[in-house]
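Trainee: If you want the building blocks of each chain, they are given just below.
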Amino acid sequence: MSGAEAPAATRYEAVIGIEIHVQLRTLSKMFCGCSADVASAPPNSLTCPVCLGLPGALPVINREAVRHVLATGLAIGSRILDITRWDRKNYFYPDLPKGYQISQYDLPLASGGSLAFDTSQGPTSVSIRRAHLEEDTARLIHQVDPDGRRVSLVDFNRSGLPLMEIVTEPDIRSAEAARRYAEELRLLLLTIGASDAALENGQMRVEANVSLRPVGQSAFGTRVEVKNMNSFRSVERAIGFEIARQARALDAGETLVQETRGWDDGRAMTYRMRIKEDSDDYRYFPEPDLPPLRTDPAWLETIRMGLPELPATRRARYQASLGLTPYDAAVIVGDQGATRLFENTLAADPSLPAKKVANWVTGEYLRLVKPGGSRGDGEGGGADGAAGAGTGGAAGGRSGSELRVQPAELAHLVRAVETRKLSGTNAKEVFRRHAETGESIARIVASTGLQQISDETALREAVRAVLEAHPAAVADVRAGKGQAVGFLTGQVMKQTRGQADPTLVQALLRDALAESQD
Amino acid sequence: MTAAVSTTDPTRLRAHEMARALRAGQLSARELTEAHLGLIERQDRAMNAWSFVDREGAVEAATQADERFDGARRAGPEGLDALPPLLGVPVALKDLVLQRGRPATAGSRILQGFVSPYDAHITERLAAAGAVVLGRTNMDEFAMGSSTEFSAWGPTGNPWDLGRVPGGSSGGSAAAVAAFHAPLGIGTDTGGSIRQPAALTGTVGLKPTYGRVSRYGIVAFASSLDQIGPFGRDVRDAAMLLSVLAGRDERDSTSADIPVPDYAAELPQSDEEGAASLHGVRLGLPRQYFVAGMEPDVEARVREAVDVLGQCGAEIVEVDLPHTDYGLATYYIIAPAEASANLARYDGIRYGSAARDGDVLGDYLATRGGGFGTEVKRRIMLGTYALSAGYYDAYYLKAQKVRTLIKRDFDRAFESVDALVAPTSPTVAFPFGARLSDPVSMYLSDACTLPVNMAGLPGLSVPCGLSNGLPVGLQFIGAAWDERRLFRLGRAYEAITASADWRALEPADLPALDDPSTPSPAERSSAGRAALDSAAAAV
Ligand SMILES: [Zn+2]
Numbered sequence: 423m424s425g426a427e428a429p430a431a432t433r434y435e436a437v438i439g440i441e442i443h444v445q446l447r448t449l450s451k452m453f454c455g456c457s458a459d460v461a462s463a464p465p466n467s468l469t470c471p472v473c474l475g476l477p478g479a480l481p482v483i484n485r486e487a488v489r490h491v492l493a494t495g496l497a498i499g500s501r502i503l504d505i506t507r508w509d510r511k512n513y514f515y516p517d518l519p520k521g522y523q524i525s526q527y528d529l530p531l532a533s534g535g536s537l538a539f540d541t542s543q544g545p546t547s548v549s550i551r552r553a554h555l556e557e558d559t560a561r562l563i564h565q566v567d568p569d570g571r572r573v574s575l576v577d578f579n580r581s582g583l584p585l586m587e588i589v590t591e592p593d594i595r596s597a598e599a600a601r602r603y604a605e606e607l608r609l610l611l612l613t614i615g616a617s618d619a620a621l622e623n624g625q626m627r628v629e630a631n632v633s634l635r636p637v638g639q640s641a642f643g644t645r646v647e648v649k650n651m652n653s654f655r656s657v658e659r660a661i662g663f664e665i666a667r668q669a670r671a672l673d674a675g676e677t678l679v680q681e682t683r684g685w686d687d688g689r690a691m692t693y694r695m696r697i698k699e700d701s702d703d704y705r706y707f708p709e710p711d712l713p714p715l716r717t718d719p720a721w722l723e724t725i726r727m728g729l730p731e732l733p734a735t736r737r738a739r740y741q742a743s744l745g746l747t748p749y750d751a752a753v754i755v756g757d758q759g760a761t762r763l764f765e766n767t768l769a770a771d772p773s774l775p776a777k778k779v780a781n782w783v784t785g786e787y788l789r790l791v792k793p794g795g796s797r798g799d800g801e802g803g804g805a806d807g808a809a810g811a812g813t814g815g816a817a818g819g820r821s822g823s824e825l826r827v828q829p830a831e832l833a834h835l836v837r838a839v840e841t842r843k844l845s846g847t848n849a850k851e852v853f854r855r856h857a858e859t860g861e862s863i864a865r866i867v868a869s870t871g872l873q874q875i876s877d878e879t880a881l882r883e884a885v886r887a888v889l890e891a892h893p894a895a896v897a898d899v900r901a902g903k904g905q906a907v908g909f910l911t912g913q914v915m916k917q918t919r920g921q922a923d924p925t926l927v928q929a930l931l932r933d934a935l936a937e938s939q940d
Numbered sequence: 024m025t026a027a028v029s030t031t032d033p034t035r036l037r038a039h040e041m042a043r044a045l046r047a048g049q050l051s052a053r054e055l056t057e058a059h060l061g062l063i064e065r066q067d068r069a070m071n072a073w074s075f076v077d078r079e080g081a082v083e084a085a086t087q088a089d090e091r092f093d094g095a096r097r098a099g100p101e102g103l104d105a106l107p108p109l110l111g112v113p114v115a116l117k118d119l120v121l122q123r124g125r126p127a128t129a130g131s132r133i134l135q136g137f138v139s140p141y142d143a144h145i146t147e148r149l150a151a152a153g154a155v156v157l158g159r160t161n162m163d164e165f166a167m168g169s170s171t172e173f174s175a176w177g178p179t180g181n182p183w184d185l186g187r188v189p190g191g192s193s194g195g196s197a198a199a200v201a202a203f204h205a206p207l208g209i210g211t212d213t214g215g216s217i218r219q220p221a222a223l224t225g226t227v228g229l230k231p232t233y234g235r236v237s238r239y240g241i242v243a244f245a246s247s248l249d250q251i252g253p254f255g256r257d258v259r260d261a262a263m264l265l266s267v268l269a270g271r272d273e274r275d276s277t278s279a280d281i282p283v284p285d286y287a288a289e290l291p292q293s294d295e296e297g298a299a300s301l302h303g304v305r306l307g308l309p310r311q312y313f314v315a316g317m318e319p320d321v322e323a324r325v326r327e328a329v330d331v332l333g334q335c336g337a338e339i340v341e342v343d344l345p346h347t348d349y350g351l352a353t354y355y356i357i358a359p360a361e362a363s364a365n366l367a368r369y370d371g372i373r374y375g376s377a378a379r380d381g382d383v384l385g386d387y388l389a390t391r392g393g394g395f396g397t398e399v400k401r402r403i404m405l406g407t408y409a410l411s412a413g414y415y416d417a418y419y420l421k422a423q424k425v426r427t428l429i430k431r432d433f434d435r436a437f438e439s440v441d442a443l444v445a446p447t448s449p450t451v452a453f454p455f456g457a458r459l460s461d462p463v464s465m466y467l468s469d470a471c472t473l474p475v476n477m478a479g480l481p482g483l484s485v486p487c488g489l490s491n492g493l494p495v496g497l498q499f500i501g502a503a504w505d506e507r508r509l510f511r512l513g514r515a516y517e518a519i520t521a522s523a524d525w526r527a528l529e530p531a532d533l534p535a536l537d538d539p540s541t542p543s544p545a546e547r548s549s550a551g552r553a554a555l556d557s558a559a560a561a562v
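Top to bottom, those sequences are chains A and B.
Quick note: to get my numbering, add 422 to the position in the first sequence (first position is 1).
Quick note: to get my numbering, add 23 to the position in the second sequence (first position is 1).
Since the hints were derived computationally from the structure, they do not count as laboratory data.
Yeah, the Cβ is synthetic: ideal placement off N, Cα and C, and Gly gets one too.
What you were told as hints is all true, and nothing was included just to trick you.
Partial pick of chain A residues on the chain B-facing surface, computed with a CB cut under 8 Å:
1) Pro477
2) Ile483
3) Asn512
4) Phe514
5) Pro519
6) Phe707
When you get a sec, could you build the whole thing from the sequences and use the hints?
Mentor: Dropping the structure here:
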């Protein structure tokens with residue numbers, strides 16, 4: 423981080439609020455029957471009169487999108503009103519076909535709530551102001567046509583996709599906490615199935631409002647909106663940059679202006695997009711084409727009952743009931759594939775020590791998923807590298823679904839190591855092969871002969887042969903050079919192609935050396 | 024005034040008579056359609072009721088109708104019974120009802136060249152009912168107006184006096200039905216746009232309960248007020264058409280899932296039965312609807328009609344709708360506010376006349392500045408202002424509260440009466456240009472109709488005589504979903520006045536439509552406007 427940040431942190435307090443838009447996981451768009459599966463569709467192929475904003479077209483509410491927002495609201499402890507409303511947000515832009523966006527203004531589906539997570543400074547929590555539902559805009563593509571003219575093309579496939587906007591209170595005080603909040607929210611949304619929430623393809627868009635004030639002052643400073651942060655890492659870097667930039671400006675006696683700034687990841691800086699001279703007047707008014715939305719209490723209860731175990735609850739349970747370290751709990755819960763593997767492996771063999779299973783999941787499994795380390799989002803990150811970006815789309819790694827790890831087989835493997843049928847080193851090799859091929863542990867062990875030799879008679883023979891072959895080392899041991907035992911152990915392991923149980927080998931060596939001395 | 028013409032002219036039949044004749048094989052759909060198209064093609068230069076005549080589509084639909092009649096006749100009586108109710112019957116669509124592959128301009132230059140890629144719900148319903156769409160009728164731009172003078176395609180003449188307006192905004196449909204260019208017409212009514220032109224042209228028009236007819240595929244003006252409804256030359260025809268239009272549509276979230284009766288079948292059949300149906304009916308006469316500025320002769324016709332209803336057994340009681348006076352002011356906040364958003368999509372990016380000025384803001388300004396007419400711009404500005412930060416509470420929010428009070432007035436009235444009876448319009452048809460220079464005088468045309476839209480209620484206008492040779496309308500207002508009662512009342516009124524002299528009269532200027540020396544409405548209108556301007560200059 424910039425050198426200016428450390429002193430700034432002592433003179434100024436950063437005040438950060440986050441607005442996150444996520445595309446909800448639905449089959450169809452927010453107000454029409456068009457498919458929401460726009461990822462690989464040709465431009466303007468998924469459109470209809472409604473999402474093109476043609477004259478006479480009318481919106482119809484997508485119930486599944488409402489359900490996702492209600493589920494999110496329940497998960498963050500929001501108040502859910504019995505009756506909410508749709509409003510028109512009026513502004514002109516070529517990506518907005520109706521000239522207004524159907525959104526929610528003063529009666530959002532979910533009001534209030536909070537999200538708790540850990541940072542390097544310890545556990546913290548962010549208050550959430552609201553979560554509401556709205557429709558996405560079309561996508562503008564700026565190009566140069568064959569005649570060399572700059573043209574803007576509009577792709578209406580994205581127009582009308584369901585978007586949830588989640589707004590925090592200005593509660594966040596550091597770039598790291600902002601990043602961690604966004605990561606934790608993404609994890610929550612993935613867990614409840616509300617969104618695929620990938621930042622890199624715009625399914626999740628993070629905007630931050632950043633201002634500074636002298637420590638001890640309660641009035642807010644001039645607010646700057648930061649956009650275009652396409653990864654969690656850039657969320658932290660952009661906000662960190664902005665804090666440092668504003669601190670330098672304030673130190674130099676400059677007056678900050680209310681503006682929107684974009685993050686340029688390559689140049690590692692924010693740049694001015696536009697100055698907000700006065701607050702935008704969107705002339706909100708109730709959407710007359712949609713009746714008020716009544717939330718049936720029975721339906722809400724069904725949604726509540728259907729919520730899966732939430733990440734925070736799960737982390738607490740892993741620590742309290744299963745004895746995992748906070749780190750392991752965070753790493754496992756931070757990755758959906760890891761969580762499933764951990765849960766299902768324990769379910770396959772409840773007698774296994776959870777800690778051992780956790781080691782396999784956080785170690786070998788995640789190593790295969792994310793070769794760069796168990797953090798999904800690169801360096802410079804969170805408190806304890808906890809959350810990660812999940813196995814869904816970690817760059818350079820493999821998605822968890824490409825691996826063919828079977829929980830029952832992992833249970834088998836852990837059991838084999840526990841009962842010393844397999845050495846730790848060989849077990850890792852067996853696991854790797856299993857993950858690649860999906861072949862059973864038993865077959866891999868049988869075909870490779872990697873099972874551990876715990877047969878004393880066979881090992882005693884190997885020990886005798888090694889002692890005979892290395893009289894100098896034997897002499898060293900007798901002369902009190904303890905490290906020669908290690909050498910001899912290594913030789914036995916080598917002879918047995920690593921299959922010997924090393925603890926047993928050492929015991930047998932000591933016995934043999936003692937015997938021959940007598 | 025002319026006497027009724029030969030009954031062998033099929034265009035003079037009522038729609039239900041046409042349907043009967045078609046079924047009986049006395050008339051072919053092709054013949055009927057050609058007769059109407061012939062009239063339109065010969066006469067519309069002098070009336071300008073049509074903005075698009077779909078000869079090709081109409082003839083094709085009529086030909087198909089005839090094939091279906093032939094097939095059904097071969098199948099016997101059951102086959103004929105199974106045919107849809109309007110098979111082969113022509114209908115006029117207001118120029119804001121979308122029809123796939125056909126233009127729709129809503130009376131606006133900004134939609135010039137727009138061809139709809141989809142059918143409105145009611146277009147589908149009409150097609151399923153077998154109706155033959157003759158084309159699209161002229162209207163005030165985006166339905167904003169009460170005279171059809173605010174159409175980008177010139178004004179429409181009233182067949183009763185071609186120097187006068189037919190009312191609006193559905194003036195084209197009303198004039199077309201009055202002049203026998205179509206037996207049935209479709210209009211929309213946001214503040215009176217079906218009932219007022221029905222009154223001014225001597226036709227029957229119904230504005231249904233909000234939510235009765237799907238708005239899907241109807242170019243929106245004010246979404247919380249717009250309703251689609253029928254025009255006919257008698258109550259039975261309007262009733263028959265509403266049964267086709269009405270009903271729940273999943274694509275309009277504000278359309279109601281309430282059963283639709285066969286309105287025409289539930290009407291009193293004979294005149295005697297009609298008269299008898301008035302016994303014991305309690306009708307409320309709202310004091311506030313006899314407004315200042317009402318023409319005395321119009322008031323006289325309405326009071327006479329009310330007296331006749333009373334003499335025939337209806338109980339007439341005066342009622343108060345105390346918030347009526349606020350109707351106009353609140354309407355002119357809510358409707359423009361909604362319109363300001365509904366019309367934002369006409370930005371030149373996708374359709375309509377797009378002006379390219381180099382940058383996006385310039386394109387918007389040029390497209391909208393050149394594409395919208397004066398009245399539309401006035402309403403967009405009114406609505407934008409009413410919704411702006413700092414004004415919203417004082418205007419829009421307060422107007423919504425007053426709207427609730429207006430609704431409550433009606434609820435209270437319907438606790439003691441079955442329906443209300445009132446004037447439809449305070450005046451008869453006025454000359455071209457008479458109200459163009461004074462928007463408020465134009466707005467006052469709807470003083471008796473727009474509170475009904477504010478309350479979301481049904482209203483029916485039926486002719487109740489003439490004032491100086493021009494039609495006067497009588498309005499029945501019902502409780503929500505009570506269209507059935509309004510049609511029965513309208514039919515009863517027709518029955519008890521069946522032998523009135525004025526019922527035998529046809530629009531006085533029909534012969535002038537056939538006279539090639541008759542000036543077009545645009546010519547009359549600009550002459551009128553020039554006279555008005557010179558009069559104003561003299562003052
Ligand atoms: Zn669509």
